[in-house]
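A.B. asks: Two chains, two frames, a set of hints: combine them into the complex.
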Amino acid sequence: MYFANRLGYDVHGRVPGSPFGVPESAWSALPANTISLAKYNDAADKVSGRSRIGIITFQEQVFGEMHELAVTESILKVALRHANEAKAEKIIRIHLRIGCLSDVSDEWLQRYFDFLSKDSIAEKAELSIEHVPAVFCCGDCGESFPFNLREMSNIQCPQCKGSKVTLISGREYFIKDIEVM
Amino acid sequence: MQEVNVIEVKEEILADNDKRAADVRERLHKQGVFMLNIMASPGSGKTSLILQTLRSLKGHSRAAVIEGDIDSSVDAEKVAKEEIPAIQLRTGGACHLDAFMIEKALNELDIDKLDLVIIENIGNLVCPAEFDTGAARNAMILSVPEGDDKPLKYPLMFSVCDALVVNKIDYLGLSDFNMQVFRERVRKLNPKISIFEVSCKTGEGIPDWVEWLKEQMAAKIG
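Here the protein sequences line up with chains A and B, keeping their order. For reference, each letter of the first sequence is one residue, going 3 to 183 in the working numbering. For reference, each letter of the second sequence is one residue, going 86 to 307 in the working numbering.
With the rest of the complex left out, here is chain B (with noise of 0.2 Å):
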């Protein structure tokens, strides 16, 4: 009978994924582009808050968007035709964008003219959370018909973002949606969060949002 030895590992399940991530980042710092990674749900308004942004940040920033999706292209031709770069990241099936899709995605793109790079990551509360994009930032959307009951839900989302922008603000009158209730139940999993409350519909709420990309590219890149 053999012996059983236990060795001890102690290491990051997604240490590679990790090490990638940083390695994106810290190639992005040098180049000097911004990269945020946004994540939400099917349907909170991922692409209409993108294509509000980029409209905000013309002659800004130069801007580019790496597009996430299972099997289409929709979303990055929505973005192509404002004129903004767009790279279509078509996971067949995965639930989620990592460093490894992302770096080749940035590789598609001409770094050198480019300011900020947003991806838009699969549309899904859960997986996205757990994947290291190499962004420089992390924001959320959550929308008003989604409930604010989520960060019970997804507690690792609420944690991992930089921002959170609560989305269709326009239909809180014909919800339960507790602004309140939420916005403490989202400070508890992360104090340090910045919450905005926008409507892309309208527009309400959106220059907040920018000033606040605005202030983290400043910050970021210097």
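Just chain A, same shape as in the assembly (with noise of 0.2 Å):
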């Protein structure tokens, strides 16, 4: 798959099971390597009408990805990086902050991560999320109010009924700290 490709190290290798709920006897039939099978064909071209167009495809479709997988595969390489500069042995626990602007799952986010980084320092790692919910600040009074966005539809200054609110957070995508050993 494309993503094995860009990370710095050594993803590959068949994990006993089937990983992301791809059946058994699907996965058993891919290559061993499937996880790099990162193909990127150089440019096919194609002619339609009097254009070409260039096709470029990133990966043979193994099973579906979702946007949890790139950002596994960020968090491990981040991690991973800290913690080879420290010379740790083991990572234990990352924690990050998320905010709830995002659409990240959590159980996805760990399933991605535990399979990513098998046979690696950061095996069996727990991800640790801190959700940062959506706050907003009043223009008119300053007060700044955390709202939940997917609930109440009038986004409103809780002080004085303001409407002219700015989202000052809610958007945070960030790796605050990982334990090791």
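Errors might be hidden in some of the hints.
Here are the simulated DSSO-like pairs of lysine-lysine, each with C-alpha atoms no more than 30 Å apart in a straight line [stated by the list, open to error]:
hint, chain 1, residue 1, chain 2, residue 2
1, B, Lys189, A, Lys89
2, B, Lys104, A, Lys178
3, B, Lys189, A, Lys79
4, B, Lys286, A, Lys120
Simulated from the structure, these hints should not be mistaken for lab results. This one's a predicted model, so the numbers in the text were calculated from it and none came from an experiment.
C.D. replies: Written out as structure tokens, the structure is:
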């Protein structure tokens, strides 16, 4: 898969069992290094009408991907870099701060992480995610207040009832620290 | 028993992509090419808007299109029929385009002969909002049949875009879409966003949108 090529280390090798809910039979039928299939067919050309279309295919479709996979790849890469610099032997926990405007599923993040981190010093590390609420600041009275964007529809300052509000937090996407041994 | 140490990291999760996106943006700026990233749900009219825009810009700017799709090239073929260069990115499952993919696509284009590159991102209001493509401006489409509650469900998308095109306004009479409520919801998430009400079918509103695009190109490239 395309993402694997971008990792600065080796994540090759088949993992026992079938990841991401792919049927075991389908997974077994794939080559052993499926996770690194990373196909980038050098732009095949196709002519349509009078113009040329370049076609770049990034990966063989093995199973669907959600953006959690790309996010996980980045988390692992950053954590390994810091752990290696500190000559740590094992990463135990990774603390993240993710704003609630982002639709990231904790469960999938951890599942992808477990899969990608196999045989690395981050194997079995726990992702500890702090969800940062959406906080708005009122343009009239300066009051800042948290707001659940998905449940309520009318964003209003609880202090002065003003509606000139600005989003001041909720877009975080941040790795805070890692616990290592 | 070994001691547990805490190492401060303090890094953005998507720093790699953000950095690559910044590189792409700088490179295109130097080459005098404006890149626009269009994001929206499947069926909201991304390809229709792009075709309308390209037709309106004929004689004004030399354009190319990067089409993102999970596994097809139908959109690129429609663009190519207009004699516009098109690159189809097949992500093979990935739900968004990122700066690394866009860079590969740009390498396939004859960039010296272009003023404008339009990216048609994967049809999805969630994932594409997370990944900076390196475009100078981000635009999104929300079509009337999707409903006026979408800013509540996909706040990030509405907050990262410079322009919002409300498409299929010819359906307004048939739906309970409340434009005023919708605009208020959007403005609270993103007070600076420019909003255009259009119908790609009738052509209504397209000139204002194209005018905005021309202004952005002029301001960015100068």
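A.B. asks: Can you list which hints this structure breaks, lowest number first?
C.D. replies: Hint check: 1, 4 fail, others pass.
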